[in-house]
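Q: Chain by chain, the residues:
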Amino acid sequence: MSIAAMLLLTISFTNAQEKEKMNHGEMEMDHSKMKMGDAKTEVILTDYFMLKDALVGDDTKKAAQAGTKLVASLKSFDKSSYTKDQQKELTDIIEDATEHSEHIAESAIDHQREHFKILSKDITDMIAITGSKSTLYQQFCPMYDKGSAWLSTSEEIRNPYYGSSMLKCGKVQKTIQ
Amino acid sequence: MKKAIKIIAIIALVVLVGIQFVPTERNQSDIVPVTDFMLVNNVPKTIQKKLQVSCYDCHSNNTRYPWYNKVQPFTWFLEGHIKEGKAELNFNEWDSLSNRRKKSKLRSIIKQIESGEMPLDSYTLIHKDATFSKEETNEIINFITQLKDSL
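Read top to bottom, the protein sequences are chains P and D.
Using this note's numbering, the first residue of the first sequence is number 1, and each one after it goes up by one.
Using this note's numbering, the first residue of the second sequence is number 1001, and each one after it goes up by one.
You may find that some hints are simply not true.
[As the list claims (entries may be wrong)] Simulated restraints, written as ranges between beta carbons of each label pair: (1) Ser164/P / Glu1025/D: 45 to 51 Å; (2) Lys84/P / Ala1012/D: 58 to 64 Å; (3) Lys88/P / Pro1044/D: 54 to 60 Å; (4) Leu1120/D / Ser165/P: 27 to 33 Å; (5) Lys146/P / Ser1133/D: 22 to 28 Å; (6) Thr46/P / Glu1025/D: 38 to 44 Å; (7) Glu1135/D / Asp145/P: 20 to 26 Å; (8) Ser76/P / Val1040/D: 31 to 37 Å; (9) Phe1077/D / Ala128/P: 41 to 47 Å; (10) Ser76/P / Asp1149/D: 33 to 39 Å; (11) Gly57/P / Ala1009/D: 53 to 59 Å; (12) Glu155/P / Glu1135/D: 42 to 48 Å; (13) Leu1039/D / Asp145/P: 38 to 44 Å.
[Unchecked claim] Distance condition first, Cα-Cα at most 30 Å in a straight line; then the derived DSS-like pairs of lysine-lysine: (14) Lys171/P / Lys1102/D; (15) Lys1103/D / Lys117/P; (16) Lys174/P / Lys1148/D; (17) Lys1045/D / Lys174/P; (18) Lys84/P / Lys1102/D; (19) Lys1086/D / Lys61/P; (20) Lys88/P / Lys1148/D; (21) Lys69/P / Lys1083/D; (22) Lys1086/D / Lys69/P; (23) Lys168/P / Lys1103/D; (24) Lys117/P / Lys1111/D; (25) Lys133/P / Lys88/P; (26) Lys69/P / Lys79/P; (27) Lys146/P / Lys1148/D; (28) Lys1049/D / Lys1111/D; (29) Lys1083/D / Lys174/P; (30) Lys1103/D / Lys69/P; (31) Lys1103/D / Lys62/P; (32) Lys40/P / Lys1103/D; (33) Lys40/P / Lys1102/D; (34) Lys1045/D / Lys1002/D; (35) Lys61/P / Lys1102/D; (36) Lys133/P / Lys84/P; (37) Lys88/P / Lys1086/D.
[What the hints assert, rightly or not] Just some of the chain D residues that point at chain P, by a computed CB distance under 8 Å: (38) Ser1098; (39) Arg1100; (40) Arg1101.
Please keep in mind that the hints were generated in silico from the structure rather than gathered at the bench.
Heads up, the beta-carbon is just placed ideally off N, CA and C, and yes, glycines get one too.
Given only the sequences and the hints, what does the whole structure look like? Please build it.
A: Structure, rendered in C-alpha cells:
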C-alpha cells in the first residue's frame, strides 16, 4: 500500500517537474513582454517558495529555516526605485511579512500554516507592486480557515495548508504574469 | 557537610538581598494616547473591562503592579513578560498601525485566545479575574472577528 502511494507520489512529482520545465520554456520566450521584478524580490520569492514546499512536505524544521531566511531577505529588500506611495505600501507589507516569518521560524506546523496564510497575502500584494520574473499562480483552498490562498510557480496544486493529508485540494485562482 | 550547606545558604541570602537593590524600569503611565484601542474603536463596556483586566497589564504602557513585583527576582520575571508583550502588541498604540498590521494583530489575538495561550497561565494563576470563561471567550472572539472583517 505505502509503496504504491510512494510510486504515485513520485510519478506526480516528475509530472509536475516536467510541467514546470515546460512553463519555464514558455516563459523565456516572452520574457521581454513581462514586467520585470528586481533581484531582491526574486530572493524573497525563492525563500517564500522554499517555505511553501516545506509546508507541502509537512516539514516543520525546513519551514522554520525558510522563515529565518525570509526574515533576512525581507530586510535586505531595496525600495529606493519605487514611488513614494509604493515605498510606503512596501514598508508596511515588509513589516507585516517579517513578523509572520519570525513566527514561522519558531513555531509548530499548525502555527506556521496560520502565519503562512497572511504571509501569502503580503507577498501577493508585494509582487502586485514589484512584479516578478516568472509566471506565478495564485492558488486557493476553500477548506482551510474559510478559504486560503497561496502562490506557486507551478500550475499543479500542492496544498501547503494540509500537506500530505490533502495534497491536491485547491484550484488555480489567478495567473500572475 | 553541614558547614557547606550553611555557607551556601548565606551566599544565597546575600545574593537575594543584593538583587533587591538593582533598579528596574517601571511600565507606568497616566496618559492614555489618542491611538488607544478603546478610543478609536467602539468597544462594548464588558469587553473593555475584560481587555483592561486580562490584557492591558502586559500589552499597554500601564501595568497595575501586584505587591510582589517589588521583590526580586519576580520583578525581572514580570518585566521580561511586559517587554515582550508590548513588542508583540501595544493596545495604547493601536491606531498607529496600518490596516494590514491591524488585521494581522487581530488575527493573532483571536488565535491566542482561542487556543488558550493568552492570557498566560502564570498570569491567571495570580490574576484569577483575568481568566476567560467560555462565554467571555466567545463574546470577545466575535467582537474581534467583526472588527477584523470591517477593516
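Q: For every hint, state whether the structure bears it out.
A: Each hint tested on the structure:
A beta carbon spacing of about 49 Å between Ser164/P and Glu1025/D agrees with the range 45 to 51 Å that was offered as a hint. Between Lys84/P and Ala1012/D the CB atoms are about 60 Å apart, so this pair conforms to the stated range of 58 to 64 Å. Between Lys88/P and Pro1044/D the beta carbons are some 33 Å apart, a value that contradicts the proposed interval 54 to 60 Å. Range check, Leu1120/D to Ser165/P: Cβ separation about 31 Å, and the 27 to 33 Å hint holds.
At about 26 Å, the beta-carbon gap between Lys146/P and Ser1133/D stays in the expected band of 22 to 28 Å. Between Thr46/P and Glu1025/D, the C-beta spacing of about 42 Å keeps the proposed range 38 to 44 Å intact. Range check, Glu1135/D to Asp145/P: about 24 Å between beta-carbon atoms, so the 20 to 26 Å window is met. Separated by about 34 Å at the C-beta atoms, Ser76/P and Val1040/D satisfy the suggested range of 31 to 37 Å.
Distance hint check for Phe1077/D and Ala128/P: the Cβ-Cβ separation is about 45 Å, which falls inside the suggested range of 41 to 47 Å. Distance hint check for Ser76/P and Asp1149/D: the Cβ-Cβ separation is about 34 Å, which falls inside the suggested range of 33 to 39 Å. A C-beta distance of roughly 54 Å is found between Gly57/P and Ala1009/D, which places it inside the suggested range of 53 to 59 Å. For Glu155/P and Glu1135/D, the hinted distance range of 42 to 48 Å is satisfied, since their beta carbons lie about 47 Å from each other.
Take Leu1039/D and Asp145/P: their Cβ atoms lie about 30 Å apart, and the range 38 to 44 Å is violated. Taken as a hint, the Lys171/P and Lys1102/D pair is honoured in the structure, with Cα atoms around 29 Å apart against an allowance of 30 Å. Proposed proximity of Lys1103/D and Lys117/P is supported: the alpha carbons are some 12 Å apart, at most 30 Å. Taking the CA atoms of Lys174/P and Lys1148/D, the gap is near 25 Å; set against the 30 Å cutoff, the hint holds.
Restraint check: the Cα-Cα separation between Lys1045/D and Lys174/P comes to about 44 Å, which exceeds 30 Å; the hinted pair is violated. A distance of roughly 22 Å separates the Cα atoms of Lys84/P and Lys1102/D; the hinted pair therefore holds under the 30 Å criterion. Proximity of Lys1086/D to Lys61/P is assessed by CA-CA distance (about 28 Å); at most 30 Å being required, the pair is judged to hold. Between Lys88/P and Lys1148/D the alpha-carbon distance is near 22 Å, which keeps this suggested pair within the 30 Å criterion.
A distance of roughly 25 Å separates the Cα atoms of Lys69/P and Lys1083/D; the hinted pair therefore holds under the 30 Å criterion. Taking the CA atoms of Lys1086/D and Lys69/P, the gap is near 25 Å; set against the 30 Å cutoff, the hint holds. In summary, the hint linking Lys168/P to Lys1103/D is supported, as the alpha carbons are separated by about 29 Å, within the 30 Å threshold. Distance check on the hinted pair: Lys117/P and Lys1111/D sit about 13 Å apart at the alpha-carbon level, within 30 Å; holds.
Distance hint between Lys133/P and Lys88/P is fulfilled; the C-alpha atoms sit about 23 Å from each other, no more than 30 Å. A distance of roughly 19 Å separates the Cα atoms of Lys69/P and Lys79/P; the hinted pair therefore holds under the 30 Å criterion. For the suggested pair Lys146/P and Lys1148/D, the alpha carbons sit about 14 Å apart, so the restraint of at most 30 Å is met. Proximity of Lys1049/D to Lys1111/D is assessed by CA-CA distance (about 20 Å); at most 30 Å being required, the pair is judged to hold.
A threshold of 30 Å between alpha carbons decides the hint, and for Lys1083/D with Lys174/P the separation of about 42 Å lies outside it, so the pair is violated. Proximity of Lys1103/D to Lys69/P is assessed by CA-CA distance (about 24 Å); at most 30 Å being required, the pair is judged to hold. Between the alpha carbons of Lys1103/D and Lys62/P the distance comes to roughly 27 Å, so the proposed pair stays at or under 30 Å and holds. As the CA atoms of Lys40/P and Lys1103/D are separated by approximately 26 Å, the hinted pair is consistent with the 30 Å bound.
The hinted pair formed by Lys40/P and Lys1102/D meets the criterion: a straight-line CA distance of about 26 Å does not exceed 30 Å. Between Lys1045/D and Lys1002/D the CA atoms are separated by roughly 60 Å; this puts the pair beyond 30 Å, and the hint is violated. Taking the CA atoms of Lys61/P and Lys1102/D, the gap is about 29 Å. The hint holds against a cut of 30 Å. Annotation: proposed proximity of Lys133/P to Lys84/P holds, straight-line Cα distance about 23 Å (limit 30 Å).
Of the pairs offered as hints, the one joining Lys88/P and Lys1086/D holds, with about 24 Å between alpha carbons and a cut-off of 30 Å not exceeded. At about 5 Å, the closest approach between the beta carbon of Ser1098/D and any beta carbon in chain P falls short of 8 Å, and the interface hint on this residue holds. Against a cut-off of 8 Å between C-beta atoms, the interface hint on Arg1100/D holds, since the closest Cβ of chain P lies about 5 Å away. A cut of 8 Å between beta carbons decides the hint on Arg1101/D: the least distance to chain P is about 6 Å, and the hint holds.
Checked against the numbered hints given earlier, this structure breaks hints 3, 13, 17, 29 and 34; the rest are met.
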